[in-house]
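> Here are the chains, one letter per residue:
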Amino acid sequence: MMKRNALIKYCCAVPIAGLMFASCAHVKEYQKSRINDSEMSLANRKVEKGEMNAQSYREGSSGANGGKTGGGCGCN
Amino acid sequence: MKKICLTVVGMYFMLLHAFSQVSVKDTSTYKPKKLKLDEINLVSSYYNQTADKSAVMGGRTDSKGIGDVTDLANGIDIKFIGWDGKRRKNTLTGGIGIDYHTAASQAYVDSNGHARNNGTRIYPTLDWSIENEKKGTEFGIGAYYSAEHNYYHSIGLNSSFSKKTHNNGEFSFKLTGYFDQIKMIKPSEFIPVDSVKNVPTTDSIVYITTASGRTEAINYGTGQVVGKGSRVKTPSQARDTYTASFSFSQVINARMQASIALDLVYMNGYLGLPFHRVYFNNGKDTIENLPSQRFKFPIGIRLNYFIGDNIILRGYYRFYIDNWGLVSHTASLEVPIKITPFISLSPFYRYYVQTAAKYFAPYEGHSPQDQYYTSNYALADFQSHSYGMGIRLAPPKGILIKSLSVLELRYSHYTQTTNLAADMISLNLKFK
Chain A
1078 MMKRNALIKY CCAVPIAGLM FASCAHVKEY QKSRINDSEM SLANRKVEKG EMNAQSYREG
1138 SSGANGGKTG GGCGCN
Chain B
29 MKKICLTVVG MYFMLLHAFS QVSVKDTSTY KPKKLKLDEI NLVSSYYNQT ADKSAVMGGR
89 TDSKGIGDVT DLANGIDIKF IGWDGKRRKN TLTGGIGIDY HTAASQAYVD SNGHARNNGT
149 RIYPTLDWSI ENEKKGTEFG IGAYYSAEHN YYHSIGLNSS FSKKTHNNGE FSFKLTGYFD
209 QIKMIKPSEF IPVDSVKNVP TTDSIVYITT ASGRTEAINY GTGQVVGKGS RVKTPSQARD
269 TYTASFSFSQ VINARMQASI ALDLVYMNGY LGLPFHRVYF NNGKDTIENL PSQRFKFPIG
329 IRLNYFIGDN IILRGYYRFY IDNWGLVSHT ASLEVPIKIT PFISLSPFYR YYVQTAAKYF
389 APYEGHSPQD QYYTSNYALA DFQSHSYGMG IRLAPPKGIL IKSLSVLELR YSHYTQTTNL
449 AADMISLNLK FK
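Residue numbers (my numbering), protein chains in the order written: chain A, 1078 to 1153; chain B, 29 to 460.
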């Protein structure tokens, strides 16, 4: 039952995200001063690398964050 | 009459001059540019953990189950940028990382706690990408290598492709493979004593297993090594990980952008660790045994929003499920606050919750009839909280020297409901 609920949540996440992206305004280059700020980047900072490694060792899940998804080390 | 004639003649000559202009040819031609050093990043972090219920000791909660760890990680990556004959931007990034760790539980690979409790890991990387700015496409390949005492090597390869859309969006696709060889280092009680040759068994002789898997006989009173194990190479088993990663990012408006990322992961081979013990409910111990296949499905969403002129909200949520029965949720929020245009403070908080894998049970929780069993608390059910603060300096004239363009310092405190607590401090220096 729990696994079915989890799969339903997983399948809902994709269309919800799609709807979110559908309502986008056209942004011209001169309007991107805030979007282009380095702290608006849609990626983890380099300084977070150590934390992400530690999380992959101490937690059972990984991935979907630009980091490792498994393998590459002598760990589970 | 004379005036009219002169006017007509004058106009005629003006027309002649206009049609006799010769267009100037553009003599400048595009020249490719060789790869040139663009950026250097140095990243260092120090990690300190206190815990019990170590996997090496099967989740024991007494002094033998201590899972304290320290880790000092240092890495450098160097980026070169050049332009080829087809006006494509080539980026070559090379990096190397060196980690040194101590782990109290590692000493108990030997049942008497005499194994080495530290180790070093080295991992170089190389990535190359070609970007066609006109078409909005980018293609990349990369390689990774890692070596540590408890596995012979890990080799990673990846290939990626991305394409920008006409409305400030970007699709990305990446294939990654990791091919590991795990050293079958077993706890000492599972290694036959006669693997140490020419050393008779006496009361004062103790056989220990080193962290690299070799057996040694030492005089327990003096600590002197009296016999080394055979030089036969410790056997290994393969572990392969294949990942297909999909992501899409979109600028939503002048203050907001978001992305969604999905990974499809397949792992095959020896997925446990040979020095992780499991104690059955009859008191006997064995080595953890996990299935040889694992499918993982994480999906993550990021949303960044710029409030006013000084505050940014960086949100992240991930849902994860795998075929070992583990389900998890991750949610984090970071709020960079720009004190000045060049200095920002970033408090953050991360919450994580997971259900246990179906093969997990605590110390003496497994039955000898179980097909698969582990007492590694990374696969248990727990919640974790992580919070901290970062500071970022990026003045236009550099920090102390002009080439040091960015300095980031970050502290985080991490706790799990498994009685694990950790602190980490990290530093990133970017040179341009």
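Just so you know, the hints here were simulated from the structure itself, not pulled from any lab data. Possibly wrong hints are sitting among the right ones.
Between beta-carbon pairs, the in silico distance windows are [stated by the list, open to error]:
id : chain 1 : residue 1 : chain 2 : residue 2 : range
1  : B       : Ile-371   : A       : Asn-1113  : 30 to 38 Å
2  : B       : Tyr-74    : A       : Asn-1113  : 29 to 37 Å
3  : B       : Gln-399   : A       : Asp-1114  : 47 to 55 Å
4  : B       : Leu-120   : A       : Lys-1105  : 26 to 34 Å
5  : B       : Val-253   : A       : Ser-1118  : 28 to 36 Å
6  : B       : Ile-104   : A       : Ser-1118  : 37 to 45 Å
7  : B       : Asp-451   : A       : Lys-1105  : 40 to 48 Å
8  : A       : Asn-1113  : B       : Thr-368   : 17 to 25 Å
C-beta: ideal position from N, C-alpha, C; glycine also.
> When the structure is checked against the list of hints, which entries are broken? Sort them ascending.
Violated: hints 1, 5 and 6.
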